[in-house]
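K.L.:
Sequence:
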Amino acid sequence: MATGFNAVSFLGRWLFALILVLGTYNPTDYSFAGWIASESFEFGPVVALVGIALLIAWIIFLRATFMSMGWLGIILGAALFGCLIWLFIDIGWLSLESTHALTWVVLVVLSLILAAGMSWSHIRRRL
Numbered sequence: 027m028a029t030g031f032n033a034v035s036f037l038g039r040w041l042f043a044l045i046l047v048l049g050t051y052n053p054t055d056y057s058f059a060g061w062i063a064s065e066s067f068e069f070g071p072v073v074a075l076v077g078i079a080l081l082i083a084w085i086i087f088l089r090a091t092f093m094s095m096g097w098l099g100i101i102l103g104a105a106l107f108g109c110l111i112w113l114f115i116d117i118g119w120l121s122l123e124s125t126h127a128l129t130w131v132v133l134v135v136l137s138l139i140l141a142a143g144m145s146w147s148h149i150r151r152r153l
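In this note's numbering, the protein residues as written are 27 to 153.
By construction, these hints were calculated from the structure, which means they are not laboratory data.
Be a bit skeptical, because a hint or two may be false.
Unchecked claim - Estimated spans, in silico, between C-beta atoms of each pair: (1) 106 x 45: 22 to 28 Å; (2) 59 x 116: 18 to 24 Å; (3) 41 x 115: 25 to 31 Å; (4) 35 x 84: 29 to 35 Å; (5) 70 x 116: 43 to 49 Å; (6) 71 x 113: 43 to 49 Å; (7) 84 x 151: 21 to 27 Å; (8) 150 x 63: 36 to 42 Å; (9) 117 x 78: 41 to 47 Å; (10) 115 x 77: 21 to 27 Å; (11) 113 x 79: 35 to 41 Å; (12) 116 x 54: 26 to 32 Å.
For every residue, glycine included, the Cβ atom is placed at its ideal position computed from N, Cα and C.
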């Protein structure tokens with residue numbers, strides 16, 4: 027069990043969440059979803075191993091997030107980030123026409139929510 031919590035430990039959790047989210051899907055072809063959707067895809071043991079490893083990581087992150095934050099915390103976090111994205115669109119920093127950029131923003135927000143869920147028990151204890 028972790029003895030302390032600081033910004034570096036949150037950044038570590040966020041880095042792992044970002045790798046998980048972007049490794050599963052991103053707008054480029056360099057993700058698990060892009061890999062299995064490619065024309066040259068052939069199912070084999072490596073694909074199965076990577077898929078099961080991703081599934082295990084998703085279950086760990088989602089379970090920890092739901093157990094620490096609950097549905098209400100996740101909905102409030104998503105609403106907070108949604109309003110922040112809305113603000114960026116409203117002041118012109120982000121365009122609705124750029125679906126590629128919006129996809130990246132949503133993926134980063136998802137990783138931030140997962141990292142907050144992984145860190146929430148430490149944050150609550152410090153409050």
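K.L.:
What hint numbers does the structure not satisfy?
P.N.:
2, 4, 10
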